Each structure stands twice: as C-alpha cells, then as structure tokens.
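All chains should be built: construct the whole structure from the sequences, respecting the hints.
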Amino acid sequence: MPEPDPVPASLVTPDTVKTTAGTFVFTDGLPTPETAAAVYGRLDRLHAVEAYRAGLPAVSLWAMRRAMLAAGVADGDVLVFSELMDCRSLFLTANADTVYFLTFLDLGEGPVVVDVPPDCLTVADDMWFRWVTDLGPPGPDRGEGGRYLFAGPGYQGPLPEGGMFVHRVRTNRVWLLGRCFLEDDNPAPAARRIREQLKITPYTPGGYGTSVGSFLLGRSPLAQPAEPRTPRFVEGSGLAINTVAPVDASFFTLLDEAVQAEPATALDPGAAAPIAAIGIVKDEPFAPDGYWQEVLEDAAATANAYVRAVAMRPRAAEGSDLYPGTGSRWTSPPSGGGFDFRTPPPPVTPEGRGPFPDHGAGRLTARASFFYLATGVTPAMCMNLPRIGSQYLWSTMDSTGLPLEGDRTYRLILPPGIPAEKFWSITLYDNQTRSMLATDQRFPRAGSQAYPTPAAVPDKDGSVSLWFDPVLPDGVPEGNWVQTAPGRNWFALLRLYSPLPAFFDRSWRPGEIELQAPATA
1 MPEPDPVPAS
11 LVTPDTVKTT
21 AGTFVFTDGL
31 PTPETAAAVY
41 GRLDRLHAVE
51 AYRAGLPAVS
61 LWAMRRAMLA
71 AGVADGDVLV
81 FSELMDCRSL
91 FLTANADTVY
101 FLTFLDLGEG
111 PVVVDVPPDC
121 LTVADDMWFR
131 WVTDLGPPGP
141 DRGEGGRYLF
151 AGPGYQGPLP
161 EGGMFVHRVR
171 TNRVWLLGRC
181 FLEDDNPAPA
191 ARRIREQLKI
201 TPYTPGGYGT
211 SVGSFLLGRS
221 PLAQPAEPRT
231 PRFVEGSGLA
241 INTVAPVDAS
251 FFTLLDEAVQ
261 AEPATALDPG
271 AAAPIAAIGI
281 VKDEPFAPDG
291 YWQEVLEDAA
301 ATANAYVRAV
311 AMRPRAAEGS
321 DLYPGTGSRW
331 TSPPSGGGFD
341 FRTPPPPVTP
351 EGRGPFPDHG
361 AGRLTARASF
371 FYLATGVTPA
381 MCMNLPRIGS
391 QYLWSTMDST
401 GLPLEGDRTY
411 RLILPPGIPA
421 EKFWSITLYD
431 NQTRSMLATD
441 QRFPRAGSQA
451 YPTPAAVPDK
461 DGSVSLWFDP
471 VLPDGVPEGN
481 WVQTAPGRNW
491 FALLRLYSPL
501 PAFFDRSWRP
511 GEIELQAPAT
521 A
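Under the working numbering, the residues of the sequence shown are numbered 1 to 521, in order.
Careful, some of the hints might be misleading.
Claimed, not checked - Here are the computed distance ranges between Cβ atoms for each label pair:
{"no.": "1", "residue 1": "A74", "residue 2": "G157", "range": "21 to 29 angstroms"}
{"no.": "2", "residue 1": "G487", "residue 2": "A517", "range": "17 to 25 angstroms"}
{"no.": "3", "residue 1": "G76", "residue 2": "G362", "range": "26 to 34 angstroms"}
{"no.": "4", "residue 1": "G218", "residue 2": "R342", "range": "39 to 47 angstroms"}
{"no.": "5", "residue 1": "R42", "residue 2": "T265", "range": "42 to 50 angstroms"}
{"no.": "6", "residue 1": "F215", "residue 2": "E109", "range": "50 to 58 angstroms"}
{"no.": "7", "residue 1": "V281", "residue 2": "G143", "range": "39 to 47 angstroms"}
{"no.": "8", "residue 1": "H359", "residue 2": "V281", "range": "27 to 35 angstroms"}
{"no.": "9", "residue 1": "P470", "residue 2": "G76", "range": "36 to 44 angstroms"}
No lab work stands behind these hints: they were computed from the structure. As the structure is a computational prediction, the values presented were derived from the model and not from experiment. Ideal Cβ placement from N, Cα and C applies to all residues, glycine included.
Here it is as structure tokens:
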C-alpha cells in the first residue's frame with residue numbers, strides 16, 4: 001500500500017499549542033475535553049464583550065428612556081430645559097449653551113406627526129441610535145420649521161402624498177433631541193418657541209397631505225385634517241436624573257429590555273448574533289444562571305475597559321487626532337469614521353463634496369468611542385461645512401499626556417480669532433460619569449455667551465485664557481474660570497458653533513491644557 005502524502009505543515013494542529021489565551025491540547029487534531037471546555041468558556045466571554053459593544057447604542061438610549069419615565073416623562077411628553085441643563089443631571093456630555101428638548105415617540109399605534117419650531121437644531125434617531133433625519137437648519141425644512149411624519153415598521157396603511165416629510169423607522173419608537181439657541185444671551189425666547197410651536201400629533205390617514213383624488217381612486221380614506229396637538233411639557237432644568245447606561249453586568253439586563261421592546265428585524269443579523277449568543281433573543285426569557293452571571297460580570301468589566309481606552313486614550317490609527325503629528329491632545333471621535341462610523345466626514349470644497357472611498361466596513365472603535373461619550377447621531381455633528389452645524393474638540397489629558405486632576409490648576413489659551421461665527425464654549429465632564437462635572441459651580445463651562453455664566457474676557461492680544469481650578473485664581477475674571485473638584489478627574493469639550501474656515505484648514509488651533517506650578521510661599 002503506498003504511503004499517503006504528508007499533510008502540509010500549514011494544516012497541522014500540534015498536540016500542544018501555547019497562546020496568550022492559554023495552552024490548548026489536542027490528540028492528533030481532536031481537542032481534549034479540557035481544551036474544548038476552556039475554548040467555549042473563552043468564546044462565551046468574547047461573545048459577551050462583543051454583545052456589549054454591539055448593544056451599547058441601544059442600552060444608552062434605553063437607559064435614557066427609563067430615566068425619563070422614572071421622572072414622570074412618558075413617551076410623547078417633552079422634557080425641556082428652559083434654563084439649560086446643569087450638573088445635577090447625569091447626561092452624556094450635554095452642553096450648557098442651548099435650550100434642549102427631548103422626547104420619545106411611540107409608533108406602535110400608528111405614525112406620529114411632529115411640527116418642529118423654526119431654527120431648532122433637531123435630530124431623530126431610532127432606538128438603535130441610527131440616524132433617521134435632521135429637523136431644523138440641517139434638515140429639509142432648513143430652519144424654517146416643518147412637519148415630519150414617522151411611521152414604524154409595522155405600519156401598512158396609507159401615507160400622505162405631500163405636505164410633510166415622511167420617514168419610515170425600523171423601530172417602534174423614535175427619539176428626538178432638539179437644541180435651540182439663546183437670543184441675546186437669553187434662553188426664554190427659545191423655551192417659549194418650543195412650548196408654543198412644537199406639536200406632536202397621531203397621524204390621521206386620509207387627512208392633511210391626502211388629495212381627494214387619492215380617495216376617489218381607492219388609494220386612501222378621506223378624513224378631516226387633525227388639529228396639531230401641544231404635548232405635555234416637563235421642566236428639566238434643575239432636575240436630577242441619571243440617563244447614563246450602567247457599566248456593570250446590569251448593562252445586559254437593559255440590553256434584553258431594549259431587544260424585547262423592538263421587532264426582531266430592528267437589528268441586522270450580523271449585529272444581533274453576539275447578542276443572541278449570550279441568550280438575549282426576541283420573545284425568549286433572559287435568565288442567566290450562575291455560570292453566565294460570572295461570564296457577564298467579567299465581560300462587562302472587560303468591555304468597559306475596552307471602550308474607555310478607545311474613547312479616552314485613542315491611538316493615532318483611530319483617525320480621531322485633529323492635529324496629527326503635532327503632539328496635540330485634541331481629538332474628535334466622529335472624525336475617524338463619520339456619523340455612520342465607516343469613512344471620515346467628506347471634505348467640502350468650492351467644487352463640491354469630495355467623499356473618501358468607502359471600503360465597505362465599519363470602524364468598530366469609532367462607533368464604540370462615540371456612544372460611550374455622546375448621544376445623538378447625525379451627519380450634521382461632523383460635516384466639514386463652514387458656518388453650518390458645530391464642531392467638537394475633546395481633550396482627556398494635559399499637554400504631557402497626564403490625567404486632568406481635580407485638585408490641580410490648569411490653564412488653556414485659545415488664540416485670537418476663535419473660529420466660531422455664532423459662539424464657542426468649553427465644558428468640563430467627570431471622567432467616571434462622562435456627564436457635567438459636579439461642583440458648586442452649577443454650570444461647569446466658559447464661553448463667549450454671557451449666560452448661564454459670565455462671558456469669558458479676552459486678553460489684550462485677543463486670545464482667551466481659561467483656568468481650571470477648585471477655587472477662582474487671583475486676578476482671573478469669573479467668566480474665565482471653570483471650577484474643578486478635588487478627587488475627581490475630568491476632561492474638556494470645546495464646542496465651535498457655526499465653525500469658520502480657520503478651523504477646517506487648521507490655520508487656527510487651540511492651545512493645550514497646561515498644568516500650572518503651585519504658587520510658592
């Protein structure tokens with residue numbers, strides 16, 4: 001009998017394989033029972049870590065909805081911050097510059113129509129934090145105010161022919177976040193405009209937007225146009241609520257709630273796979289036993305470390321460095337993958353939009369870092385268009401790469417000509433909660449607006465010196481100081497509203513946050 005050809009070396013699994021995951025033992029390729037058990041244990045943990053990453057957007061939004069319900073804000077009610085949001089609420093990197101309004105729309109009983117006030121930057125996302133549409137200045141109404149219809153995945157009835165902007169949504173709910181600008185450093189006009197002009201109305205098939213001819217052709221019923229409804233408003237300013245997703249194993253309980261609340265088709269099969277692998281499946285009970293509880297606890301700790309690393313100490317390869325090769329600590333998470341976490345935001349020139357090539361793959365770290373730090377997905381958050389939208393610059397470290405400590409003194413110099421047509425601000429956030437830093441200073445921010453804190457005073461050369469310290473340094477104007485808290489590290493977010501060309505061509509860049517030597521006796 002002829003000798004068989006030797007097995008190619010590239011196909012051979014040795015009897016003993018040493019890896020960083022442990023030593024695996026095989027009998028001529030067959031795993032031993034101990035090796036198989038070890039591999040499955042590791043796979044379960046890997047799947048749970050991936051489920052955490054994949055589920056982070058949904059859990060973040062579900063945690064927000066739970067917090068609003070607990071505060072008495074039902075679906076369809078509107079939480080409005082008439083005097084701006086402050087440090088009492090735990091809300092991922094919120095600003096203290098604009099009047100917020102938030103609502104969840106329940107589409108389970110049929111489409112919902114929203115009339116949005118003029119000049120309010122508003123975004124609609126589904127319950128997996130996927131962008132649906134912009135409303136307001138970046139949306140199709142272009143800031144004039146408009147009427148929008150949202151239809152859920154189960155709706156099969158007629159839709160209007162015109163008169164409103166119609167959007168199909170993959171989830172049973174849609175989340176709206178609006179930001180309205182102050183007028184002459186006063187939030188009252190914006191808050192009043194929201195309360196008077198924001199309408200949320202169940203859609204009446206055959207009403208407004210449906211022609212009589214459509215009825216006569218049998219395409220739609222005919223009904224009287226519905227009167228727009230004023231929603232119930234709940235005041236948010238001064239409200240203490242926690243909207244931030246947990247980082248321990250309870251994360252997976254919220255993930256199961258989010259999955260059960262939506263149709264199975266709300267998530268693509270590939271994204272749903274790791275979530276299903278740990279026992280979270282639509283219409284099936286999620287009851288982890290002792291083994292799985294230990295797996296989930298370990299995975300939550302591992303995944304939290306992972307997303308903290310990519311969000312707060314990103315590698316250069318992530319593409320979020322705003323000034324690569326300079327040693328600058330300023331980053332922008334959306335700049336690495338755009339609003340859809342695939343390709344960087346396209347450059348816009350006088351010749352038009354010049355998109356980067358799409359390689360057909362998402363950027364996992366860009367997605368994870370964004371949802372760990374922020375809420376609200378829209379192309380407007382990172383578009384490279386001067387004088388439109390806003391730009392966000394993050395710094396989690398001082399100029400030398402060390403943590404920003406709450407009991408030390410730091411200075412940041414913003415050079416003359418800060419490129420913001422509307423206004424600029426800088427806000428401090430707690431490293432742990434990623435929410436506004438809680439101190440005796442209710443609004444931990446400084447900026448060019450004179451509300452809710454005094455406007456920052458420029459230096460003689462036109463630059464602006466900002467100080468971060470537990471107490472107001474001698475000789476520093478109050479508007480140039482943001483209070484910090486001993487024992488609590490922080491990071492900073494610089495916002496440029498209606499950014500000017502000097503930001504995009506990088507001819508202007510902020511200084512670094514510099515640690516100051518303690519005063520000598």
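Handout entry: Structure versus earlier hints - violations, ascending order
Key = 5 and 6
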